[in-house]
Each structure stands twice: as structure tokens, then as C-alpha cells.
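*Asks:* Below, each chain spelled out in residue letters.
There are 2 protein chains.
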Amino acid sequence: MSLREKKVEKKKEEIRKSAMSVIAEKGYHATTMEDIAAKLLMTKGSVYYYFKDKESLVYESHKLLLEQSMEQLQNVLAEELPSVAKLRKAMVVHMENVITERTDFFIGVKPDQVFEGEHLQEILHLRNQYSDCMNRLIQQGMEDGSFVQVDMKIVNYIILGAMNNAVIWYSPKGSKSIEELANSIADYLLKILL
Amino acid sequence: MSLREKKVEKKKEEIRKSAMSVIAEKGYHATTMEDIAAKLLMTKGSVYYYFKDKESLVYESHKLLLEQSMEQLQNVLAEELPSVAKLRKAMVVHMENVITERTDFFIGVKPDQVFEGEHLQEILHLRNQYSDCMNRLIQQGMEDGSFVQVDMKIVNYIILGAMNNAVIWYSPKGSKSIEELANSIADYLLKILL
DNA sequence: TTAAAATCTGACTTGACATTCAAAGTCAGA
DNA sequence: TCTGACTTTGAATGTCAAGTCAGATTTTAA
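Protein sequences, first through last, are from chains A and G. Using this note's numbering, the letters of the first sequence correspond one by one to residues 11 to 204. Using this note's numbering, the letters of the second sequence correspond one by one to residues 11 to 204.
Zero decoy hints are in this set.
Using C-beta positions, here's what the derived DEER-type ranges look like:
no.	chain 1	residue 1	chain 2	residue 2	range
1	A	K17	G	S56	49 to 59 Å
2	G	E15	A	E190	49 to 59 Å
3	A	Q149	G	D197	18 to 28 Å
4	A	P92	G	D63	52 to 62 Å
5	G	A48	A	P92	53 to 63 Å
6	G	K17	A	Q78	48 to 58 Å
7	G	I178	A	K17	34 to 44 Å
8	G	K54	A	K120	18 to 28 Å
In short, the hints are calculated from the structure, not lab data. Bear in mind the structure is a predicted one, so any value in this text is a computation, not a measurement. All C-beta atoms, glycine included, are put in the ideal place defined by N, C-alpha and C.
Could you build the full structure based on these sequences and the hints that come with them?
*Replies:* Shown next, in the form of C-alpha cells:
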């Protein structure tokens, strides 16, 4: 990649970050392209130089986040760990993502209210992929007898729902660190499976 | 109440219902006053005859729903039941509300992105009240030894989060009836406390 | 140094709503 | 039947944010 391309990519990355951050703060509909630009001391016009429109910017941002989370999850999947520890780790990683990225995206807005066509398909696909991985973790645990038999689908919804919802109530002012919090939530949720 | 007042109240009720229904369908920001009116074969002008503005309409609708849920919860609280059965019933009732009203209990938007001032305060107050009631149920169970000791606040967030999230994924096409679904979710969540 | 390429700017256009309002329509009861 | 209060209508208005674009400015590389 040429220097120029690197610079452009860096700028795009900054803009994506800014977008995610402002959206996490104010919600998708309340954040304007000017907000996103202002945060970087730019003007709207510049943002449009890098991104076709708001939808594309948000799509790319969201996609990247999902892909990164997916990759982390895959890494956990690949580890040599007993089922319980593996699922536990996956949950902790997820919680940390939810809290640090504050991506209200999993709950705030339904994807079909923001994306269309290809973009919508891709986002749904990535989400399903993620969800499937979690399912696999539960499945494995049930097969090797680490977990009790449960309705995988429902339990998965419960687990992801409980975790994603933290965006709404988490506050850095709380007495627990993110790590502690992630761990205790993971422990509580694991009790459903033990 | 005079005949006319009854008629007005009935109309307002219809409009609130329509608003909640369209919002559940398309999301708060995507639903226009015309959508809400059209569903009742009215024009938006009429809606404005009954409600000052969109915010007020949604506020009143949402408030009523919260109050109704609160009342149901209070009724459960008042019943003579062992802790486990009581919390279980509260959860089932909540789930049924979430699914039938399809208002994620909360519009899918954080309240401070919709309401302001007094209205916002009142909505937050009602939510807290509701949450406190759930807390009380957990507290009681821990005190009488029915539940293990847990961090009440976190567990409460988990429980409400997991349940509210059902708005996102519930589909009437699923094989389980609402009642079955509510029951199995309640059972899974109770395992956290047993 | 300098001209072409890449970036950036901000005023402008557009369109989608929310909200208003004057006029028209409805209806219970005198 | 008539009247006046109550309702409804839909066109007009106001607002706000997305998206555009003709330059202005900065960077690149010869």
C-alpha cells in the first residue's frame, strides 16, 4: 500500500471511529454528519470526500466492528480449553467489546432501519455468523457433558441479550472495573448452563 | 364523565395504540405522524387536535404502558407465593408484556433521546420504580434463603436485559407459544438465582 | 519551483417531516 | 330546522439535516 493510500486509510479509520463514538453517545438518528466531522475538526464536506453517504460510513464502521469481534471470537474458539472456560472467555471478550466500543448497535437500532439491500444482508450475515459461533460453544459443552441440555437458541438469545444490554446501563463510575463486571456477568450467565 | 369526554378519551386511546403499534413496527424515528394517523384512516391534523405534539403522544403512550406493567407487577408482588414462584410469575408477566406490546418496553431508543425535562424525569422514575420492584423480589428470595446470594443490581440488569431483548428476535412464527417461551426463559433465568 | 493532483471548505439545494391554521364539515340538542 | 361547539382536513410554513459542488488550499513529485 502506498503512503497515500495509507494516509487515506488512516483518515477513514478516524472518521469511522468518530462516527461510532458519536453514535454511541447520541444515537444513530440524532447524530449528524456535521457532528461526526466536528469531532475531528473537519467539515461535513471532507467526510463526504471519504464516504459516499451516511449509510455507507455507518455500514463500514459497523461491519468492521463485527468483523473484529468475529475474529476475536474465532480465536477463542480455536483455543485448547475445556468447554466451560471457553464459553466463559468468549463471554468476557464480548462484554469487554460491548462496553469499550459502546456500540449501541446491537440494541439501539434494528439493522433494517438503517441498512438496505446488500449492506443489510451482509450485516445480518455477520451477526448470524457470530451468533452461530456462540451456539457452537454451547453445543460443544452440551455434547461433552459440561453443560446441561438446554434449548440452545433461547439460551443464546438470553446470553447475548443480557450482555448487549449492558450498553444501556454501564457507567464507568460504577465500583467494578470492566473486567470484574465482565467476569461476574459471565459467571451468572454460565449458571444457566451448569 | 360525559359522553363527549368518553369519546375523546376513546379516540386518544386509539391514537396511542396506533402510535405504539407503528413505532413497534418501524421504530420511533421512522414513524411519522401521518403513519400514525393513516393507520386510523385519519389525517395528521386530527392527531394534533388530540395531542400537542409527537413527543407528548409518545410520552403518554409510553407512560401508560409503564403504569400498566407496574400495576401488574404490584399485583404479583402482593400475592401470597413463595419467592421463587413469585419472581417466576413476575418474569412471565413481563415477558408476555414485552412480546405482545412489542415495545421493547422501551421503544428501542434511550429515553433521553426522545423525552426531555419533566417527561424524561417521569419516564425514568417509572422505570426505576419497576426495576426496584424486581429488585425487591430478588432481595426477598435471598433473605428467606430461596435464592443464593448475588449482586442484585447486576442480576437484575441481566434478567431485564435478557427479557427486553426478546422484542428484537421474537417471531410469532416460532414453534413455541408466547406462554411456553415466557416460561422457559423464566426458568433459565431463575437458574442464576438457585 | 511549480503545476497537477489530492483535499478541504462552506454556502447552497433538497426533501422529509413536524407543526400550524383557516376553512369546511358534523352533530347533539334547542 | 337551526345553531354553535366540536372535529377534521389538507395546504402552507418552518426547520433541520443530508448531500452537492465550484472553488480555495495543500500536498506531491518532477
